[in-house]
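Asks: Those sequence lines, one after another, are chains A and B.
With this note's numbering applied, the first sequence corresponds to residues 2 to 129, in that order.
With this note's numbering applied, the second sequence corresponds to residues 2 to 217, in that order.
Please note: incorrect hints may appear among the correct ones.
[Claimed, not checked] For lysine to aspartate or glutamate, the following DMTMM-like pairs were computed, each having C-alpha atoms within a straight-line distance of at most 20 Å:
{"#": "1", "chain 1": "A", "residue 1": "K113", "chain 2": "A", "residue 2": "D38"}
{"#": "2", "chain 1": "A", "residue 1": "K77", "chain 2": "B", "residue 2": "E52"}
{"#": "3", "chain 1": "A", "residue 1": "K113", "chain 2": "B", "residue 2": "D50"}
{"#": "4", "chain 1": "A", "residue 1": "K77", "chain 2": "B", "residue 2": "D165"}
{"#": "5", "chain 1": "A", "residue 1": "K113", "chain 2": "B", "residue 2": "E198"}
{"#": "6", "chain 1": "B", "residue 1": "K54", "chain 2": "A", "residue 2": "D63"}
{"#": "7", "chain 1": "A", "residue 1": "K102", "chain 2": "B", "residue 2": "D165"}
{"#": "8", "chain 1": "A", "residue 1": "K113", "chain 2": "B", "residue 2": "E167"}
{"#": "9", "chain 1": "B", "residue 1": "K212", "chain 2": "A", "residue 2": "D63"}
{"#": "10", "chain 1": "A", "residue 1": "K77", "chain 2": "B", "residue 2": "D64"}
Calculated directly from the structure, the hints in this document are not laboratory data.
Single-letter residue listing:
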Amino acid sequence: MFFFGCSKEYDNEELANSEFETYLNFFLYEASIRGYDFSNHKVNFYFADIVMQDAGGLCYGDSRIVIDRTDWENRKEPSKEWLIFHELGHCILGRGHRNEKSPSGECLSFMKGQENGFECSENLYSIL
Amino acid sequence: MNAQKICIPFFEAYHTIYLLDGDGYFNELSHIILDEYPDEIVLVGIGYDGENKRHSDFTYPEDDLLPHSGNANLYIQHLIKELIPFVEDSLLIQTTQRTLAGHSLGGYFGLYLLFQEEFTNPFDNIISASPSLFWHDAFLLGLEDQFNSSNDSLSVNLYITMGDSEGVTMNTLFNALNNKIKSRNYKDLIFDHERFENTTHNNNSIKSFRKGISRL
């Protein structure tokens with residue numbers, strides 16, 4: 002999710018940069034491979050209880066990422082990494098949501114959102 | 002690292018698949034295997050009890066840009082000396098063939114295991130989905146050069162995939178590695194590669210595992 006405003010959408014925030022350091026470092030690493038240096042771009046991560054339904058994370062401005070505690074605890078790898086990359090896509094790359102899917106229904110971007118009930122599959126070949 | 006769950010159909014000997022990032026992929030892939038290969042395959046999902054260390058375990062060499070990376074050799078030793086013996090000797094699962102399946106950094110690890118020469122590759126088949134070939138300035142392409150300089154055979158069934166929507170860097174390196182491998186004419190190598198249409202990085206894991214298993 003991507004917010005430019007500062008209205009509170011969460012409770013009980015707690016600074017948690019160390020929890021997300023590896024993901025941030027890997028994001029910076031992947032950026033460097035592609036010729037971008039964001040190493041001076043400071044981002045702070047917070048755990049909180051996000052009020053909005055179905056939001057695993059929120060980006061505020063370009064330097065504040067809030068991750069929902071319960072969502073995080075229930076996520077497995079590599080889904081955790083995907084969530085952080087999504088939020089960093091907002092905060093560092095300045096990207097908004099990109100709600101596009103292939104003709105077969107697969108998501109075409111990490112930056113997919115849920116606006117207007119948008120849905121796409123990240124695992125079309127699953128039988129679950 | 003530990004084997005989280007093991008599905009054991011009651012049969013005599015099995016094709017055993019070792020799945021990296023088992024935390025994320027075991028559940029879905031196990032359903033596919035139970036549905037499509039109920040008596041043929043044992044799936045071993047390898048995950049983590051605590052902190053996930055895939056950035057460390059699946060990479061070599063260490064890269065200064067990512068602290069604590071570069072411990073793939075320790076991970077290889079864990080597979081060879083601990084996990085595979087545990088599965089085959091302690092759990093008494095007779096193995097007809099072993100497959101290693103990994104996605105992203107896991108896909109890179111499979112290729113690193115194949116071309117490094119310090120340890121003997123214990124796997125008959127490697128499924129490498131969306132391998133992170135960009136690691137350490139495309140180190141793996143040079144590693145393959147080095148391997149080729151002293152080896153004319155490569156005894157493995159190798160399947161590498163990429164999604165066409167994974168970006169220029171990923172696809173360029175994918176093409177480069179495939180072209181290198183094809184040009185070598187390694188003896189004993191069965192090699193196939195595939196680029197899936199309309200497929201992003203996230204979407205290329207289960208798709209590749211499923212297709213890769215079907216061609217074994």
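Asks: Does each hint hold? Answer for all of them.
Replies: A quick look at each hint next to the structure:
{"no.": "1", "hint": "A/K113 - A/D38", "verdict": "violated (24 Å)"}
{"no.": "2", "hint": "A/K77 - B/E52", "verdict": "holds (11 Å)"}
{"no.": "3", "hint": "A/K113 - B/D50", "verdict": "violated (30 Å)"}
{"no.": "4", "hint": "A/K77 - B/D165", "verdict": "violated (25 Å)"}
{"no.": "5", "hint": "A/K113 - B/E198", "verdict": "holds (18 Å)"}
{"no.": "6", "hint": "B/K54 - A/D63", "verdict": "violated (28 Å)"}
{"no.": "7", "hint": "A/K102 - B/D165", "verdict": "holds (14 Å)"}
{"no.": "8", "hint": "A/K113 - B/E167", "verdict": "holds (15 Å)"}
{"no.": "9", "hint": "B/K212 - A/D63", "verdict": "violated (40 Å)"}
{"no.": "10", "hint": "A/K77 - B/D64", "verdict": "violated (25 Å)"}
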